[in-house]
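Participant: Letter by letter, the chains look like this.
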Amino acid sequence: MIIKQISIFVENRPGRLAEITDIIAQNGINIRALSIADTTHFGILRIITEHTNQVEEVLKKNDLTVSITSVISVCINDKPGGLSSVLHVLADNDIQIEYMYAFVSDSKKDDAYVVMRIEDDLRAQEILKAHGFYGLEIDE
Amino acid sequence: MYWQKDIETMDRAELEALQLAKLKKLVDYCHDNVPFYREKLDASGITGDKIKCLSDIQYLPLTTKEDIRNNYPFGMFARPMKDIVRIHASSGTTGKPTVVGYTQNDLEMWSNCVSRLVVAAGASADDIVQIAFGYGLFTGALGLHYGLENIGATVVPTSSGNTEKHLMLMKDFGTTVLVSTPSYALYMAEIARDIGLDPRKDLKVRLGLLGSEGCTLEMRDKIEEAWGMFATDNYGMSELVGPGVSGECTYRCGLHFAEDHFFPEIIDSNTLESKGEGELGELVITTLSKEGFPLIRYRTKDITRLNYEKCACGRTHARMDKTVGRSDDMIKIKGVNVFPTQIESVLVSIPEVGPHYQIVLKTVRHTTDFEVNIELLDASLLTKYSELEGLQKKIAHKMQTVLGLNPKINLVEPKSLERFAGKAKRVIDLREK
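Residue numbers (the working numbering), protein chains in the order written: chain A, 1 to 140; chain B, 1 to 433.
Hints are computed from structural coordinates only; laboratory data are not their basis.
Hints are not guaranteed to be accurate.
[What the hints assert, rightly or not] Which chain A residues face chain B? A few, computed with CB under 7 Å, are given here:
(1) 1
(2) 11
(3) 42
(4) 65
[Claimed, not checked] Restricting the straight-line Cα-Cα distance to at most 16 Å, the calculated cross-link-like pairs of lysine to aspartate or glutamate (EDC-like) are:
(5) 60/A <-> 190/B
(6) 398/B <-> 329/B
(7) 61/A <-> 194/B
Nothing here was measured: the structure is a model prediction, and the numbers come from that model.
By construction, the Cβ of each residue, glycine as well, lies at the ideal position given by its N, Cα and C atoms.
Isolated chain A (complex conformation) (with noise of 0.2 Å):
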């Protein structure tokens, strides 16, 4: 449920985003799921692969000022009240959501991510999962 999301910061600049994703497709890591939010002169792209070390090494080679985060990873039912009823959870609990964005993974199987990140996430992790919520686990 908790999984690791690679944070990098990027000049706004036409191209600039396209750059950096072709460096990570060049050594050919697959992204599952990203975001990206902006103020005038900069952003920060958040993304979470399978390979958080690799690109990490592979960015910094470039350059770029990069850092990992641990984020909690949540599957949802990809219906109406799917997202607020894990929001509940949290909320009923007292825990904040830093960010959040996410992802369908499958529509045939009306599943949905969310990627949120919270400060304790082992104890938002260990409600979460008391409640019969599960999300990705990624092994590196």
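Assemble chain B onto chain A, guided by the hints.
Facilitator: Just chain B, lined up with the frame of chain A:
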């Protein structure tokens, strides 16, 4: 250690008597040999024998870079070409370069001045020195070259550029001293780490003779830490002779002038009035010994202050502070005088960002937009946007404290700002004039 102990530790009264005698001779020498000075001196009516004490120098005319340019190329030479054995020229980023000529005696004097400062900084005949200044018309490389050979050091004239080759030779030769600009020293250390060399462990460089551009204490600390070396600052400019005008001893409490050859004064850049010991202002230098290209009261545009106290090292010659900046480099932003070195000193105190920076000035709706681009190094801040915003605020606040201005701070990717092997150009002024 001294190179010319008798002169370097000379009693001040004796030194001043020597300076006065040389100054009187210089005035007549310039009058007789340089039309530019003849005209000026005739107009003021001053001759050598009218100068009774050193402070009378204030009655002599000032010389500017513009004057030298106006007499391009050889108009201010005091000797015919048969006596001139070397020509150098300034980089001349705008317009014609300033051209200077040396007689054989000038070259000897110059070498001895450089030898004094490198010995004062701790170099000796046992050292292997790599010179990372560009060779050519620029005085930096050849000045240090001959001064170091003069003390018996082994000189490796690697010149600037091809940093990786520099590092390879440095490792293979066991080089112990590096001559470079402060920013190139930092850049070299970066490249060394990129190619898997730890300058502290894998290289033997123990001493840095840095010059040709200003170096703040904070930047020096960074260089020393990156290299595991002791770094000293030296000062000079091609118009005066090149490097060798002043340099730090191992106590590093100011740069000792070669005062028997270069007479320093401080003036107010605006009123042109003389300022006293310890007062900040523009450095003005009179060359007391030069034959080929003598200068009376040359305005260096460098801002510093003077100290005449005898140094702990035993030297009696006046010291100048590290230059605060150049009145040329000084940029006026919203009516405030800003020296790039002030910005540098703020940045090197903030470990989350790199020491390289770029100042961008633009006119937006009739007012000046002041932005500073800085490289983000600390990846731990990527967890939250608020951390990066907090860093931007912290830097802006420090700038506000130092400059009295509140620039917009832009974080950029590491190594995205241009690196400079020579003098760094850090200001992009796009303001409407």
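Participant: Which of the stated hints cannot be reconciled with the structure, identified by number in ascending sequence?
Facilitator: 1 and 6
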